[in-house]
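Starting from the given sequences, assemble the full structure and let the hints guide the process.
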Amino acid sequence: MYVRGVVGTIAACTYQDIIPEDEAFNRDGRLEQYYIVRFGQKDLWPEYPFENDTVQTESPERWLEPAD
Amino acid sequence: MSHTHKPGDSGGERHAAPMVEEVTDFEVLEIAVRELAIERGLFTAEDHRRFTEWTESVGPAAGSRLVAKAWTDPAFKARVMEDAVKACKEIGIDWAEPTGFGTPSDYMNLRVLEDTPTLHHVIVCTLCSCYPRPLLGMSPEWYRTTNYRRRLVRWPRQVLAEFGLVVPPEVEVRVEDSNQKCRFMVLPVRPEGTENWTEEQLAEIVTRDCMIGVALPRPGRTADVHPVQKASRPVQGAAHSGEATHEREE
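As you go down the protein sequences, you meet chains C and H in turn. 1 is the number of the first residue of the first sequence in the working numbering; add one for each residue after it. 1001 is the number of the first residue of the second sequence in the working numbering; add one for each residue after it.
These are calculated hints, taken from the structure and not from any lab test. We treat Cβ as the ideally placed atom computed from N, Cα and C, and that holds for glycine. A couple of the hints might just be wrong.
[What the hints assert, rightly or not] If we take Cβ atoms under 10 Å as the criterion, some of the chain H residues that face chain C in the derived model are:
1. V1153
2. W1155
3. S1178
[Claimed, not checked] Pairwise CB distance ranges (calculated):
4. C:E61 - H:P1191: 38 to 46 Å
5. H:E1195 - C:K42: 34 to 42 Å
6. H:M1138 - C:E61: 30 to 38 Å
Set out below in C-alpha cells:
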C-alpha cells in the first residue's frame, strides 16, 4: 500500500489478533501484535507542502521491519 | 451451447426484458445469500427485517453524547482515552451487543482520537468504508465513495476545504486510515462560546461530520449541511439550452 518502504513511528499497540493472511483463508491462524504506525506526509508524497501533517495506518507485526 | 451475449446480439436465445431497473451483481448476490441463509435456518426473514430497520434507524446520537460527556467530565474523558469500548457502556452502547439481537460487532477496538488546538484528526477507510457504527450509525454516502477514500490520504487539506473546513498550516492534519480492526471517532476541541452549557446543549452541536473530522463544532451549528454552490453563469442556462444541445449532437 501507499506506505510501503517508508519509515514511520509506532503510535500505539492496539491488540493481538489473527494475521490477515490466515483470516482471509479461514485458517486457524497465528496471532500477532497489531500497531498503529504514524508517517509524515512529507515522507510519502513528493512536494507535500505542509510540514507537520501525518497519516496513521494500522498494521500487523509481520508487515513491519525495524528501521535502523 | 454457451455463448456470451453482447448488447444487440439476438443470438439463438430469447431474452426476457427486465421489469425493473438494472440490478447490480452485488444486489443479486445479497438476495441469493440471504435467501439461502433463511432456507437453512441461520436466521428468519423477520430477524433480517428487524436488523435492517435497526441499522437504518441508528444515528450519531450516541457519539454526540460521548463527546459532550467527555467535554464536561474530565474523569470520563480519561476513561474514554484509556479504554473506549468500556467507556461506551457508560453512555449506553455495548460493542459486544450493539444491536440487541445477540450479534456482536466483529470489531471491538474503538479508539477515540482527541483533537487539540495544534492537532486535527480526520478519519477514512481507504480499503472499504469502515466506520464506528455502534456509535455513529450508518456512514454517509460520501464517506464510502472512492472519491473520498482515494483523495483524503493524499490531499487531506483540499478535501477538507471542499467540506468548508480550512485548517491553518501550523495545525497538524492527521489522517487516520482504519484499515484493520480498530474503529475510530474524533473527539473535537470544545468550541468557545459553550461555557456552562449542559451536556444536552453540547451534544446538539456535535454532529456526525464533526466526529469524522470534516467539520468543527460551533455554537449554532446543529446539522451537517453540504450546500451545492450553483454556478452564477452556468454553461447551459435555460436561455441557451437549445443551442447547447444542438452543438453536442454534431
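*asked:* Hint by hint, where does the structure go against what was stated? Just the numbers, ascending.
replied: none
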